[in-house]
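J.: What follows is each chain in one-letter form.
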Amino acid sequence: MGKVTDLNVNGKKLRVEVDSETPLLYVLRDHLNLTGTKYGCGESKCGACSVLVEGVVMRSCVTPVARVSGKQITTIEGMEKDGKLHPLQEAFLKADALQCGYCTSGMIMAAASLLKKNPKPSRDEIVKHMDANVCRCGTYLRIVNAIEIAAGTAKEVAE
Amino acid sequence: MSDDPDLELEFEVERYELFAGPTYNFNFNRRQFLKAFSGGIALIVPMSNLVARTLQQEQGESGGGRGNQRIPNDIGAWIHIDESGTVSVFTGKVELGQNIRTSLTQAVAEELHVPLATVRMVMADTDLTPFDLGTFGSLTTPRMAPQLRKAAAAARETLVALAAEQWKVEPSAVRIENARFVNGDASKSLTLAQVAKGQKLVKTIPPDVAITPVSNWTVAGTSVPKVNGRDFVSGKHQYTSDLKRDGMLYGRIVRPSALDAKLVSSDTKSAEAIPGVVVVRDGDFIGIAAKDLQTAMRAEKVIAVHWQAPGQPGNDVLFDYLKKNAAGERVSGRPVGSVVDGMKTADQQLSQKYTIAYIAHAPLEPRAAVAEWKDDKLTVWTGTQRPFGVRSELAEAFHIPEEKVRVIVPDTGSGYGGKHTGECAVEAARLARASSKPVKLVWTREEEFQWAYFRPAGVIEVTTGVKNDGAVTAWEFHNYNSGASAIQVKYDFPNQNIQFHNTKSPLRQGSYRGLAATANHFAREVHMDELAQLVKMDPVAFRLKNIKDERLKAVLEAAASKFGWERKKTEGRGRGIACGFEKGSYIATAAEISTDAKTGRVKIERVVAVFECGAIVNKMHLHNQVEGAVVQAIGGALFENIQFKDGQILNGKFSRYRLPRFSDVPSIEIVLLDRKDLPSAGAGETPIVGLAPAVGNAILDLTGIRIRSLPLAPEGIVNRG
Chain E
1 MGKVTDLNVN GKKLRVEVDS ETPLLYVLRD HLNLTGTKYG CGESKCGACS
51 VLVEGVVMRS CVTPVARVSG KQITTIEGME KDGKLHPLQE AFLKADALQC
101 GYCTSGMIMA AASLLKKNPK PSRDEIVKHM DANVCRCGTY LRIVNAIEIA
151 AGTAKEVAE
Chain H
1001 MSDDPDLELE FEVERYELFA GPTYNFNFNR RQFLKAFSGG IALIVPMSNL
1051 VARTLQQEQG ESGGGRGNQR IPNDIGAWIH IDESGTVSVF TGKVELGQNI
1101 RTSLTQAVAE ELHVPLATVR MVMADTDLTP FDLGTFGSLT TPRMAPQLRK
1151 AAAAARETLV ALAAEQWKVE PSAVRIENAR FVNGDASKSL TLAQVAKGQK
1201 LVKTIPPDVA ITPVSNWTVA GTSVPKVNGR DFVSGKHQYT SDLKRDGMLY
1251 GRIVRPSALD AKLVSSDTKS AEAIPGVVVV RDGDFIGIAA KDLQTAMRAE
1301 KVIAVHWQAP GQPGNDVLFD YLKKNAAGER VSGRPVGSVV DGMKTADQQL
1351 SQKYTIAYIA HAPLEPRAAV AEWKDDKLTV WTGTQRPFGV RSELAEAFHI
1401 PEEKVRVIVP DTGSGYGGKH TGECAVEAAR LARASSKPVK LVWTREEEFQ
1451 WAYFRPAGVI EVTTGVKNDG AVTAWEFHNY NSGASAIQVK YDFPNQNIQF
1501 HNTKSPLRQG SYRGLAATAN HFAREVHMDE LAQLVKMDPV AFRLKNIKDE
1551 RLKAVLEAAA SKFGWERKKT EGRGRGIACG FEKGSYIATA AEISTDAKTG
1601 RVKIERVVAV FECGAIVNKM HLHNQVEGAV VQAIGGALFE NIQFKDGQIL
1651 NGKFSRYRLP RFSDVPSIEI VLLDRKDLPS AGAGETPIVG LAPAVGNAIL
1701 DLTGIRIRSL PLAPEGIVNR G
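Protein chains in written order, with our numbering: chain E, 1 to 159; chain H, 1001 to 1721.
Careful: at least some of the hints might be erroneous.
Listed below are the simulated DSBU-like cross-link pairs for lysine-lysine, each with C-alpha atoms no more than 35 Å apart in a straight line [what the hints assert, rightly or not]:
1) H:K1236 x H:K1437
2) E:K155 x H:K1676
3) H:K1467 x E:K117
4) E:K128 x H:K1035
5) H:K1301 x H:K1035
6) H:K1301 x E:K71
7) H:K1236 x H:K1323
8) H:K1568 x H:K1467
9) H:K1353 x E:K128
10) H:K1569 x E:K155
11) H:K1262 x E:K94
12) E:K3 x H:K1437
13) H:K1504 x E:K155
14) E:K117 x H:K1653
15) H:K1262 x H:K1323
16) H:K1553 x H:K1344
17) H:K1291 x E:K71
18) H:K1035 x E:K116
19) E:K13 x H:K1197
20) H:K1244 x E:K81
21) H:K1244 x E:K94
22) E:K117 x H:K1236
23) H:K1236 x E:K94
24) E:K3 x H:K1197
25) E:K128 x H:K1603
26) E:K116 x H:K1244
27) H:K1603 x H:K1653
28) H:K1603 x E:K12
29) E:K3 x H:K1301
30) H:K1568 x E:K128
31) E:K116 x H:K1197
32) E:K3 x H:K1291
33) E:K13 x H:K1244
34) E:K94 x H:K1603
35) E:K116 x H:K1236
36) E:K94 x E:K71
37) H:K1676 x H:K1353
Here chain E is said to cover these stretches of chain H; the calculated rule only asks that three of the stretch's residues, wherever they fall, bring their Cβ under 8 Å from a Cβ of chain E [stated by the list, open to error]:
38) 1092 to 1106
39) 1177 to 1189
40) 1353 to 1366
These are calculated hints, taken from the structure and not from any lab test. Yeah, the Cβ is synthetic: ideal placement off N, Cα and C, and Gly gets one too.
Same shape as in the complex, but just chain E:
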């Protein structure tokens, strides 16, 4: 049965009427039309559903919506500000860090979480932090490169 949950998504206050156990992923996608956040595995093993909650990356596919009530949620749609892409989004384009693009939202959100707590991560720190996110097309090195570009630590841009 439906239960009202108050949400704060991308700076907007919203009320949704869903079962409180519903994973945040489906609330975002089906109820709020924020489809940039993706389903990949439903068990927090691929990171396609990554969003920020109070600036920290979370897997929305295993997060009951009631648990994030009132907290600040940021999805990929909230990264672009006034038509201007976030530096990470720019960097992903610059490094050609995507093929099919299905993992890209989750990658950018996970990377944003990393750069928030560690603005100049080493390559090893990037790999360690991002290891829970899967890119089946295999663009991992480009994603590392993109994160370094956004962090201002990139030595070179991939060909």
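Got chain E; can you put chain H on it based on the hints?
T.: Relative to the frame of chain E, chain H by itself:
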């Protein structure tokens, strides 16, 4: 050289590639085209010979003529410059991350002399785009791109002639710059719209159309960013699974307990009692549509269902099963010389057996479909590599003509050969039919593992003879079930007997990036290493001794040189090399590995991949494809392995099925040999084939353990002993 590029490439259609043959009406394309063509200028690309031949075999009927000013019946693609000056390219190809939306745009923009942004690609919509067999086999770049390039060049010439007519000058006095026609001293100019206005001109590609030589490419051949990249990094791009229609319901399917299970009984009353839930029972099919996914899942839980599944072989007996059920021999290609004679001249002989496990494509976007019926017309949005094949499947499933089915493929969350079929589309359409509302169905990850299909498992037996100087004198090669792709050798072996054997597969199997080329290269290149060891030769020198093909030699030598094969070996590291050829392109891969002393985990430390696919169209995206193929190959080489028993996939979820991750990725050095003198081949597949044998050979180099099965080291190396 043959005139027919289809024969030239010796493209071999895998036996499972065309299992759902398209039922096709040749006249349909023309009608479709005439409906879409309102005015302006159209340039038609006739259907490729391969497609036409395949369809002729099915239909026993040929298409129409191909003269100018006549619309052929068999249209492969077309370019339309409408009266408002918009350039649209219509092709049935699908974008799945291989970036053909970008590379085809580059080809057309180059020849038309217009900016990239002027070109609109209309792809994979069965109502709007001409018939296409599907997006597989690395065929878009060698087949579709040159044809579209010619069509664009012809369109440019036509437009220039029309502009010249308006100005009453010779066409040679008119040129097109940045989508504007200008006269000799640039005193006058016309837009595309001003030239196309009032025209109603249809042409096929004239035989003598001149296209820009590769050496003069300025748009193609450069690293243009993904044309719609911004939509992907901002989350705006709508994959099939993101689409919404008015009044749309969400679907779930009640799945059988195992493969081939039959429905014994079911009770759906409690589910039907839930408000807003539609339950469909049709034979063994039980599906649910509801206002949201949570409600559909609740309904699914209260359906009582009993299935009966037959006992089925598991992976513990897989390779014996494949051998036992082999259905005789099928010679792949012409036998060369006599293996019996070759063995007589050999100094040493070697017989070995190699095995290949089933692996999953695991595209990150699982199968998805949105189906909608309006009156008696069905429209389905779905992620598939074969939109027209899926249209046939739908028409057949619902007993309606193909004209009543429209399949639209949004740019899709990858496929790797795993999305050739339309199961999800058919299921969504069945639910939409019953509920009279649009229905979205997205397979779960577990469904994707259990109910899609796999890269075929296989057994490969190789028996060879070799002289002590390194010359291979006899090569006998039997592949059971994996497939025939790249089963032929590019080595210069005088006596060959190479056979592919069909057999029964316990699991549903189908195409996978590179098809059987990975399995055949694994067996061949590991065996070559074993032969080199037998005659005490360096693996590179041994291969070179048996190579006459200059292009193969070039990639192998480049890989050895870049890798530093001559240098002293690094302590604690093993190294291996492999080379090969498939679908018009050449690859050589060298790998360096280490093992973790405690866990035995094999870590690939460094990979050098040298790839040559003729003239390079987009260096950045090619680099990205090669890199992606190497990374994807890590999984199949080291740890991906489908476990199954009695019709159930035992490790069918991401927490149990290990995929390559950030920490698995080695340093990758890619060398792209740009052969501007050769036509461009596709690049999505071949770079995947070299890694597994290179890593297998490196494991031997480091540990002295020869592993002849894929995956090589799912549990690490010490446990395998």
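J.: Compare the structure with each hint and give your call.
T.: Verification of the hints:
1. H:K1236 x H:K1437: holds (25 Å)
2. E:K155 x H:K1676: holds (31 Å)
3. H:K1467 x E:K117: Violated. K1467 (chain H) to K117 (chain E) sits at ~63 Å, over the 35 Å cutoff.
4. E:K128 x H:K1035: violated (55 Å)
5. H:K1301 x H:K1035: It is violated: about 48 Å lies between the C-alpha atoms, which goes past 35 Å.
6. H:K1301 x E:K71: holds (32 Å)
7. H:K1236 x H:K1323: violated (50 Å)
8. H:K1568 x H:K1467: Roughly 28 Å separates the two Cα atoms, so the pair holds.
9. H:K1353 x E:K128: The given pair, whose Cα atoms are some 39 Å apart, is violated under the 35 Å limit.
10. H:K1569 x E:K155: holds (28 Å)
11. H:K1262 x E:K94: violated (52 Å)
12. E:K3 x H:K1437: holds (26 Å)
13. H:K1504 x E:K155: Not satisfied, since the Cα-Cα distance of roughly 53 Å exceeds 35 Å.
14. E:K117 x H:K1653: Judged against 35 Å, a Cα distance of about 31 Å means the pair holds.
15. H:K1262 x H:K1323: holds (28 Å)
16. H:K1553 x H:K1344: holds (28 Å)
17. H:K1291 x E:K71: Holds, at about 27 Å.
18. H:K1035 x E:K116: Outside the cut-off at roughly 54 Å; violated.
19. E:K13 x H:K1197: Violated. K13 (chain E) to K1197 (chain H) sits at ~51 Å, over the 35 Å cutoff.
20. H:K1244 x E:K81: holds (25 Å)
21. H:K1244 x E:K94: holds (31 Å)
22. E:K117 x H:K1236: holds (27 Å)
23. H:K1236 x E:K94: Satisfied, since the Cα-Cα distance of roughly 18 Å is no more than 35 Å.
24. E:K3 x H:K1197: Violated. K3 (chain E) to K1197 (chain H) sits at ~59 Å, over the 35 Å cutoff.
25. E:K128 x H:K1603: holds (15 Å)
26. E:K116 x H:K1244: holds (34 Å)
27. H:K1603 x H:K1653: holds (23 Å)
28. H:K1603 x E:K12: Outside the cut-off at roughly 46 Å; violated.
29. E:K3 x H:K1301: Status holds; Cα separation ~21 Å.
30. H:K1568 x E:K128: Distance of about 32 Å is within 35 Å: holds.
31. E:K116 x H:K1197: Judged against 35 Å, a Cα distance of about 55 Å means the pair is violated.
32. E:K3 x H:K1291: holds (16 Å)
33. E:K13 x H:K1244: holds (23 Å)
34. E:K94 x H:K1603: holds (29 Å)
35. E:K116 x H:K1236: Holds: K116 (chain E) and K1236 (chain H) sit about 24 Å apart, inside 35 Å.
36. E:K94 x E:K71: holds (32 Å)
37. H:K1676 x H:K1353: Roughly 40 Å separates the two Cα atoms, so the pair is violated.
38. 1092 to 1106: Three-residue rule met by the segment 1092 to 1106 of chain H, so holds; n is 4.
39. 1177 to 1189: violated (count 0)
40. 1353 to 1366: Contact hint for the segment 1353 to 1366 of chain H vs chain E: holds, 5 residues under 8 Å.
Violated hints, in rising order: 3, 4, 5, 7, 9, 11, 13, 18, 19, 24, 28, 31, 37 and 39; the structure is consistent with all others.
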